[in-house]
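> We have chain A already, so just place chain B on it with the hints.
These protein sequence lines are chains A and B, in that order. At position 69 of the first sequence (counting the first as 1) the number is 69 in this note's numbering, and the numbers step up by one without a gap. At position 142 of the second sequence (counting the first as 1) the number is 142 in this note's numbering, and the numbers step up by one without a gap.
Because the hints were derived from the structure by calculation, they are not lab data. Owing to the predicted nature of the structure, the values given are computational and were not obtained by experimental measurement. Virtual Cβ for every residue (Gly too), placed ideally from N, Cα, C. Hints may contain errors.
As the list claims (entries may be wrong) - Coverage of chain B stretches by chain A, computed from C-beta distances (three or more under 8 Å per stretch; other residues unrestricted):
#1 19-31
#2 46-54
#3 110-124
#4 293-305
#5 324-330
#6 425-439
Number of protein chains: 2
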Amino acid sequence: MEKTDVLVIGSSAAGLVAALTAKRVYKDKKVTVVRKEEKTLIPCGIPYVFGSVDSTDNNILPSDKMFSEAGIELQIGEAVSINRENKTCKLQSGSEIGYEKLVLATGSTPAKPDWLKGAQLENVYTVPKDKNYLDSMQEKLKSHKKVVVVGGGFIGVEISDELNKAGKDVTLVEILPHVLELAFDEDIAVKAENILIDRGVKVLGGNGIKEIFGAQNVEGVLLNNGVKLEADAVILAMGYKPNTKLAKEAGLPLSAKNFIITDEYMRTEDTNIFAIGDCAEKRDFVTRKPSSVMLASTACAEARIAGMNLFKLSAVKTFSGTISIFSTAIGDTGFGVAGLTETKARQEGFDIVCGEFEGIDRHPGTLSDTQKQMVKLVVGKETGIILGGEVIGGKSVGELTNMIGFIIQNRMDINAILTSQIGTHPLLTASPAGYPLLKAAGNAAVQIMFNNKEGRLSA
Amino acid sequence: MEKTDVLVIGSSAAGLVAALTAKRVYKDKKVTVVRKEEKTLIPCGIPYVFGSVDSTDNNILPSDKMFSEAGIELQIGEAVSINRENKTCKLQSGSEIGYEKLVLATGSTPAKPDWLKGAQLENVYTVPKDKNYLDSMQEKLKSHKKVVVVGGGFIGVEISDELNKAGKDVTLVEILPHVLELAFDEDIAVKAENILIDRGVKVLGGNGIKEIFGAQNVEGVLLNNGVKLEADAVILAMGYKPNTKLAKEAGLPLSAKNFIITDEYMRTEDTNIFAIGDCAEKRDFVTRKPSSVMLASTACAEARIAGMNLFKLSAVKTFSGTISIFSTAIGDTGFGVAGLTETKARQEGFDIVCGEFEGIDRHPGTLSDTQKQMVKLVVGKETGIILGGEVIGGKSVGELTNMIGFIIQNRMDINAILTSQIGTHPLLTASPAGYPLLKAAGNAAVQIMFNNKEGRLSA
Numbered sequence: 001m002e003k004t005d006v007l008v009i010g011s012s013a014a015g016l017v018a019a020l021t022a023k024r025v026y027k028d029k030k031v032t033v034v035r036k037e038e039k040t041l042i043p044c045g046i047p048y049v050f051g052s053v054d055s056t057d058n059n060i061l062p063s064d065k066m067f068s069e070a071g072i073e074l075q076i077g078e079a080v081s082i083n084r085e086n087k088t089c090k091l092q093s094g095s096e097i098g099y100e101k102l103v104l105a106t107g108s109t110p111a112k113p114d115w116l117k118g119a120q121l122e123n124v125y126t127v128p129k130d131k132n133y134l135d136s137m138q139e140k141l142k143s144h145k146k147v148v149v150v151g152g153g154f155i156g157v158e159i160s161d162e163l164n165k166a167g168k169d170v171t172l173v174e175i176l177p178h179v180l181e182l183a184f185d186e187d188i189a190v191k192a193e194n195i196l197i198d199r200g201v202k203v204l205g206g207n208g209i210k211e212i213f214g215a216q217n218v219e220g221v222l223l224n225n226g227v228k229l230e231a232d233a234v235i236l237a238m239g240y241k242p243n244t245k246l247a248k249e250a251g252l253p254l255s256a257k258n259f260i261i262t263d264e265y266m267r268t269e270d271t272n273i274f275a276i277g278d279c280a281e282k283r284d285f286v287t288r289k290p291s292s293v294m295l296a297s298t299a300c301a302e303a304r305i306a307g308m309n310l311f312k313l314s315a316v317k318t319f320s321g322t323i324s325i326f327s328t329a330i331g332d333t334g335f336g337v338a339g340l341t342e343t344k345a346r347q348e349g350f351d352i353v354c355g356e357f358e359g360i361d362r363h364p365g366t367l368s369d370t371q372k373q374m375v376k377l378v379v380g381k382e383t384g385i386i387l388g389g390e391v392i393g394g395k396s397v398g399e400l401t402n403m404i405g406f407i408i409q410n411r412m413d414i415n416a417i418l419t420s421q422i423g424t425h426p427l428l429t430a431s432p433a434g435y436p437l438l439k440a441a442g443n444a445a446v447q448i449m450f451n452n453k454e455g456r457l458s459a
Numbered sequence: 001m002e003k004t005d006v007l008v009i010g011s012s013a014a015g016l017v018a019a020l021t022a023k024r025v026y027k028d029k030k031v032t033v034v035r036k037e038e039k040t041l042i043p044c045g046i047p048y049v050f051g052s053v054d055s056t057d058n059n060i061l062p063s064d065k066m067f068s069e070a071g072i073e074l075q076i077g078e079a080v081s082i083n084r085e086n087k088t089c090k091l092q093s094g095s096e097i098g099y100e101k102l103v104l105a106t107g108s109t110p111a112k113p114d115w116l117k118g119a120q121l122e123n124v125y126t127v128p129k130d131k132n133y134l135d136s137m138q139e140k141l142k143s144h145k146k147v148v149v150v151g152g153g154f155i156g157v158e159i160s161d162e163l164n165k166a167g168k169d170v171t172l173v174e175i176l177p178h179v180l181e182l183a184f185d186e187d188i189a190v191k192a193e194n195i196l197i198d199r200g201v202k203v204l205g206g207n208g209i210k211e212i213f214g215a216q217n218v219e220g221v222l223l224n225n226g227v228k229l230e231a232d233a234v235i236l237a238m239g240y241k242p243n244t245k246l247a248k249e250a251g252l253p254l255s256a257k258n259f260i261i262t263d264e265y266m267r268t269e270d271t272n273i274f275a276i277g278d279c280a281e282k283r284d285f286v287t288r289k290p291s292s293v294m295l296a297s298t299a300c301a302e303a304r305i306a307g308m309n310l311f312k313l314s315a316v317k318t319f320s321g322t323i324s325i326f327s328t329a330i331g332d333t334g335f336g337v338a339g340l341t342e343t344k345a346r347q348e349g350f351d352i353v354c355g356e357f358e359g360i361d362r363h364p365g366t367l368s369d370t371q372k373q374m375v376k377l378v379v380g381k382e383t384g385i386i387l388g389g390e391v392i393g394g395k396s397v398g399e400l401t402n403m404i405g406f407i408i409q410n411r412m413d414i415n416a417i418l419t420s421q422i423g424t425h426p427l428l429t430a431s432p433a434g435y436p437l438l439k440a441a442g443n444a445a446v447q448i449m450f451n452n453k454e455g456r457l458s459a
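Extracted from the complex, chain A is given alone in its bound form (with noise of 0.2 Å):
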């Protein structure tokens, strides 16, 4: 029986960066990655080859070169089963490998409801992590003009927004209100949907679906409230469940959503096994509540921690909890999240400000490429301390809102962020003097000091 020091189940996102990270740290440990597909995704860029990258062959992630130079070694397979007393893992080929520390980084799968009558017609898609899966639905999109995209979360909005300007006649059906709206604050949530209405999608919220419809090719889909679309394909967006079944016939104890329950060294119940990614529990940073939030960000933050504890823990290597960073953008305009947004700080029961500013994110703002860029931070009223923040701007909205990610984690109060020193320049950034963030946090200091609400959004 083959031996290995380190084992990682899973070679997504995950499942890359744990290996990389032990073999880093634990240069003389022998690591090996088993995965099921040929080739991997680079998840995120997913919902981007039905348009901006054009097919999945642009969307590899380059894992076995990496792997190869670290000196990692990758089979292709898929583990069936754990034996967690001999310490091995037996794949689908027969074969069997023993390991001292294994890392569950095994994902996620497309929601399909059960009670979802006809979501198994013909050119019913759902988005799974999935190359072969995603070239025939591409290649099967291209006779396809009207095409329902059902779920207004990340993916939903990306690949709607991708599919529109392929030239199909899309329309995106959202249970809530709007679009993106379980990740942003309302208003925000509704700007990013009329960029996406200007842009050309239909966007339907407030409305369910019923069932889908037709004899074996889908016709349309009936919403709750009785209207009838007719669709040539139906695009399921409506989220994904973590991959546990080999946990849970090993064992390992899973959460009520059923995500593998892991420690803040990213170890299961059984302390040689760690779970990592979409697969894994996590616990929201601030709130301390259970989290369903999959982000790749996450999982890479998760799988570094993995790495680094799996022959000796470090008590300052430890993970505390998503803070849920998402950015995207709708043509070119970027929106980004960090942390806890208004609505859900007030539903949890939190005592917050909210500074709010919009400026622009190149200075003086006759300079051509000028966008305007707003930051809203959510704040702790007793103690000052940032709990969120929301960003709308040009494309360097991405690394801002990571930003205040660091700003969360490093638990950073008003006061802190007043007395900050940020560059700027120009062509890069806001003014000195009309930086949003720093504006935005000036605007949320004026409530706590002088519990004045119009201090909000003042200069």
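Frame of chain A, contents of chain B only:
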């Protein structure tokens, strides 16, 4: 005699932000700003009036509107003396203003070295923050073809690039081997220099000038190495000196380099007088040595701190030294630096390792606007604390540099970065598995762990 609670002298970035902060925090106090100029220019936009923003009229700080909206009084006039005993300030016009608290934001003036023969010739220019001067300079430059720029710091580089874009024949002379070498490590400075050269600027590194020659109009410059360069115009970008005459005559202590000495609350020796921005002495955040860096963004941080501490001190609202966060763009490539460079850290005697990683700023790299992104981190070997960082990339480099600024200001160490969550999106950032900031931190960690210099650039 007129009386005010807070008198601010100067209304460039520092004066503007100090006045706005004072009024925000102490809303019942009367705040008055006195400045010489009819109109204030956006300081960092000045190099761009020669090209991208076209005219000084497109580069005006919208301070007057902000003052009137905030209820701040503005007077155009020059402050000529301070009577500290009576707490009054006299203007050129002869009128006097009584103050409770005085904020000196008197800025800086271009250096024109005494030893430089020919500096007084026609068509020899400096780059002051003076609209009338720049308008006249810009008008005269229209008829000039050959321009020699002396000094390859940010202002010299940015003006050279803009004049080159505007069709001038530009030669940039720098006494150090490469442009921007005071701000960046040599390898990065060389990359910036090469882009500048590719765009058509002639760069003469390692060359000081000896004198400027000509009859009435400038005809050229003579370099230290004996070479003569013909020139229709010469622009001296040889740094700035603080405007501290007013403070000096009022008996306030100045540093050896002529800056006004302040404490961490930005108070001078006279606790009713604050000094901020280019005229105020700064210490480096890490080395604690005096720093001659003049940055609008640092000035604004000081201004916020002064404004908050005017009438009551707060121990959590202090200035902890300048981080020197710079960024610039040459063509589509952005360059940024925060904190110590490797060169500077070694000069100062820090025991460091440097982690570097070059990746891309979008993902997958097949997306059309993808650019390379390089991050270099300077890390204290004993503590793992981040002392500095340098970045090359696309236009998100400005915010990425600010992220590193927050990392330094929070005294984060390698473990804190490696366990941090970042958000990623194909159209906005690098991939979660190849995010250069985290990869650079990983490479630094390897060197600390294994004392392994080859780790520096490993993936």
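> Each hint should be assessed against the structure and marked as holding or not.
Comparing the hints with the structure gives:
no. : hint    : in the structure
1   : 19-31   : holds (count 5)
2   : 46-54   : holds (count 4)
3   : 110-124 : violated (count 0)
4   : 293-305 : holds (count 9)
5   : 324-330 : holds (count 5)
6   : 425-439 : holds (count 10)
Hint compliance for this structure: hint 3 alone is broken.
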